[in-house]
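Q: Here the protein sequences line up with chains A and B, keeping their order.
Its first residue numbered 1, the first sequence is counted upward by one per residue in UniProt numbering.
Its first residue numbered 1, the second sequence is counted upward by one per residue in UniProt numbering.
Please keep in mind that the hints were generated in silico from the structure rather than gathered at the bench.
Nothing false has been slipped in among the hints.
Below 30 angstroms or equal to it, Euclidean Cα-Cα: the simulated BS3-like pairs (lysine-lysine) are:
#, chain 1, residue 1, chain 2, residue 2
1, A, 125, A, 221
2, B, 31, A, 49
3, B, 31, A, 264
4, B, 100, A, 214
5, A, 251, B, 100
6, A, 293, B, 31
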Amino acid sequence: MITTDICIIGAGPVGLFAVFEAGLLKMRCHLIDYLPQVGGQLSEIYPQKPIYDIPGYPEVKAQELVDNLMDQIKPFKPTFTLGERVDHLAKQEDGSFIITTNDKTQVHAQVIVIAGGLGVFEPRKPALENLEAFEGKGVTYMVKNPETFRDKNVVLAGGGDSALDWTIYLAKIAKRVTLVHRNETFRGAPDSAAKVFDLASNGKIDLILSANLKEISGNGKLETVTLETKNKEELNLEADYLIPLFGLSPKLGPIADWGLNIDKSAIEVDTRDYSTGVDRIYAIGDINTYPGKLKLILCGFHEAAIMMHSAFKYVYPDQKLSFKYTTVNGVNAF
Amino acid sequence: MIKFTIEDHDGNRQEVEAPDDMGLSLMEILKASEYPVLATCGGMALCATCHVEVFDGQDGLGDATDAELDQLENLPEYFPTSRLACQIRISDMLEGAVFKLRGEDN
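Pulled out of the complex, with its shape left as it was, chain A reads as follows (with noise of 0.2 angstroms):
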């Protein structure tokens, strides 16, 4: 078990900052996130990206920015979990809470954290009725293991290149693979989307075109795939498997059953100190909201500031908070 004084989940540029915050109160850090490094956003969408309105930089590349920062907290000695995803919160009797990920990782900490900005990117579904009771029993939105799939009946639905990379893979493994799109050409890359046609046409794969996924049936388990096509004509496909690959949306996740108060996907927060209706849990950034809200950087920098000073009476129950600046007190490193 990992134990730290304060919990950030999401290691974006609010998070970031945040420790630095912290560690002038003497408040170590250890952070989540589910991309596999740190940044957010910032890293993970627009790097190259110039950003003009952080104070004191004209002009910065987002991840100039993101490693400007990772230099500037490097003095408070942050620890991280990448690449897994915040799935349970515990509250124990001293009110201190435990955090366990996906993978299990357990964090032991005074405070949480939530800089977690848009979410998480899970899978888009498509609008099937009865989908969820399939889920895990035919029907899965990313291929772990392929294995899974040898010799079996599977239906893939989509026109992205993730349809298409899957397609084209699974054609090699499963017994029989259908890949089904409401269009007649594909996006995707020149290269794959030639190999699936070349594919179809040598009959290594059905190839369903300018056809929509209406129906999915089965006794306990996925049997059954029903299409509609343009001229709305019903088609049946045996199936073992339907893997919907309609890209990924950002989703508030596990958080959202936390008790928080939520609203339009963002956690409702008291501007004195950003703190969530739950004791000990804050939150800052883009995923918070409060009458007069802006979603920038520089505004999750001041929460940030706000928050921590907040949060060091349940780090540190017996003293008195005394503010000061860096310029008197420079930075004292752990």
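With chain A fixed as given, assemble chain B onto it according to the hints.
A: Okay, now just chain B, sitting in the frame of chain A:
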């Protein structure tokens, strides 16, 4: 100011007025008008929660970027005139247009 029409998820239509000279996006107007548009990504064509179907006025929209087309391509539900509201700039070309909300609303 220009006027266009929004049809919500339940099929109710309402006329909306918006300034056409402030560089606003349709997504921003929808949010300001209290429509249930999440706009999780803040206008970067990443989440598609501002997905709209264009019923009328398609000529005034301009072409979709690759980023927008990639998102739309991936959506489970998609219509021939689907667009992302965050990528549509409000201009006088949109006068009289009709949009239907199609994005996730929770």
